[in-house]
Amino acid sequence: MASAPTRLRRLYGAGPLHLLAVLASLALVAYTVSVLGFGELWDPDVWWQSILVWFLGAVLLHDLVLFPVYALADRLLGGILRGGSAPRRPASVPLVNHIRVPVLAVGLLFLLFLPGIIEQGGSSYVNATGQTQEPFLERWLILSGAIFVVSAVAFGVRRFRGGRIR
Amino acid sequence: MNDREGSQVSSPDDPVSPSYGFPARLWRGIDEHRPPGLDPTSWRSPLRGPWLTSVFAVVLLVTLPIVTITGLLSYVAYGTQARPEDVGWLHLPLFDWPTDPSWLFRLNQGLHVILGLVLIPIVLAKLWSVVPRLFTWPPARSVAQVLERLSLLMLVGGILFEIVTGVLNMQYDYVFGFSFYTAHYYGAWVFIAGFVAHVILKLPRMLASLRSRSFRSVLRTRLANTHPEPRDADGLVAVEPASPTVSRRGALALVGGGSLMVFALTAGQTIGGLTRPFAVLLPRGRDNGDGPNDFPINRTADAAGIDPDATGQEWRLTLSGGLEDVELDRASLLALPQHTAILPIACVEGWSTTQTWTGVRLRDLAGLAGVEAPGGADVTSLEQSGAFKESALNTGQVTDSDALLALRVNDTDLSLDHGFPARIIVPAMPGVLNTKWVTAISFRSA
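From first to last, the protein sequence lines stand for chains H and G.
Quick note, my numbering runs 48 ahead of the 1-based positions in the first sequence.
Quick note, my numbering runs 397 ahead of the 1-based positions in the second sequence.
None of these hints come from the bench; they were simulated from the model.
Positions of the beta carbon are idealized from the N, C-alpha and C atoms, including for glycine.
One-sided and incomplete, this derived list gives chain G residues near chain H with beta-carbon spacing under 8 angstroms:
{"hint": "1", "residue": "Leu557"}
{"hint": "2", "residue": "Val572"}
{"hint": "3", "residue": "Gly574"}
{"hint": "4", "residue": "Arg683"}
Using the sequences and the hints, build the whole thing.
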C-alpha cells in the first residue's frame, strides 16, 4: 500500500509542503479580502475604478497587451533588419541592440512618468504642489532624443573601431 | 552545449511524459484540447532559461522584502492616524514611532519608493523570463498546479498592482478612484501571500539553477559564444531557439542599466540638494525658486481651503489639556523662548527636503497649558477638509527637544503655503502629520 505522501502526490499532484504553502497563501489572501471587505473590491457606480478591476487589469494588461506588443515589435524589428539581401552571418556590431535599448529606455520612462507626460491628474497635482505638469512632455521628449542620439553615436563609434581592426 | 542531453530530462512536469493528478480524465481532457496558437516552438529567445530567471529572482528575493517591510513600517509610523484603520492582524507589531534619528522616516520612505521604482525593470524582466509558463498547455495537470497558478496570480497581480498604484500616487494621478492608502496596503498583503508561497515552492530550484553556471563566466562570455541553457523541465528554454542577438551579460546589463536609469531620475527627490534637478520627470525634482520659503509643499493653502483672513490678526492658538485653556496670538508665541532645528520633512511619496525651522518647543507649550508630563497631543488645523486636518502626536513627538510649533523657516516667517501662522515640525514624523495652519493643540497627560 502506498504511503500517505505518495498517495497525496498522486491525487493532489505535489507534496505536503506544496499543499501547505499554497493553502496558507490563499488563506492569507482570503483573510486580507475579508478585512478589507468584499464590497470594497467593487465600485458599483464606476466599474473601472474598482480595486478588483485594477488588480486583474494589471495582470491582463501586462500579459496580454504589454508583453505581446513588445515581443511582436522585437520580432518585427529583427525581421526588418534581417530582410533584404544581407548575408546571414552575424554582424560584428548588431544594429538591433542600438535600436532595442533606446526604445526600451524611452518606453520605460513613458510608462513610469505617464501622468506627467500626458498631464493626467492636473487638479490634484496643482493642489499638492502649487505647480502644473506643463514641463514634463517636453522633458521626456528631450530625454528620449538624447537617448537615441547616444545610442546612434555609440553604434557609429563601435562600427568604426570594428572596421579598422578588421 | 548539451542540448541533446537536456531534452531527455524527464519529470512529472515534463510535456513528454504526462502524468496527471486526480481526476486524471479531466486533466487529460484539457490537455487534449490545446487551443490553436499555443505552440511551444513559437518561443524563440535563446537566453530564456532557469539560470537567467534565477538571477532576476535572487535580486528580487533580497530586495522586495526591503520594499515590503519599509512599507509596513510606514504604516506603523503613522501611529493612530494610520490608514486604512482596523486592519485586523495585518500589521507589524505596533510601537511608538521614534523621533531619533530625525532622518528615520526619510530613509524609510526613500528606500521604499526609490527601491520600489528601481526594481520595476527587474520585475518586468523576471516576468518576461517566465512568460512561456503562462501559455503552456495544459495550464494544469493537477489540483496542485491550479492552486499554484492561483497563488501566482496573487504574486504577479500583487506586485503589478502595487507598482501601478504607487507610481500613480507619487505623481498625484488618482485616476483609479479608490483610496490609495487602502488599496496599496491591502494589495501589499496579497502580494506578500503570493511572494511567500512562491519562495517556499521555488527556492530549491532557484538555488540549483544558480549553481548551473558561473556568474563570472557569464560576465566573460561574448555574444559569439552565447548558447541556450540546457532544456529544462519547466519549458523556459526554447525548443527551437533563434540565434542570439545579445549576450547573457548584455541582457543583464540592459536590465541593470534600466534600473540605474530609474535610480538616476528618481533618487534626487529624496536625496535633495544638488541631485534634486536630476529627477526631471518627477514633481519633486522641480525648481521651487531660491527664496527661504521656496521648497516643496504637500498641499497648497488654497487647496486646503485656508481663508487668509483667518491667519491674520484675528488668529489665536488654543492650548488645552490643563485646568484652563490658554489662548496665544502670534506675537506672544514669538515672545516665548525660540528654538531652531535643522530637520528633514519627508513625505510618504518618498520625497523630502531639509530646512531650518524656528519656533516654540511643543513641551514648553505643554508646560504653558499646565500639562507638566505630556503623553502626546492632538493638533487641529484651520483646514476645512482633508484626512489630515487633525493629527495625533505620541509622547516622544511632543517631548523631543526638536519638536516644534514652527513660526519661521530659514530666518523668515513661514509662507501661507508652508503653514503660516504656525505649523508642527517633529523629527522623523511622517510629513503629512506635521500639521500646517495650526489653530489648537490639546495635550494629553502621561
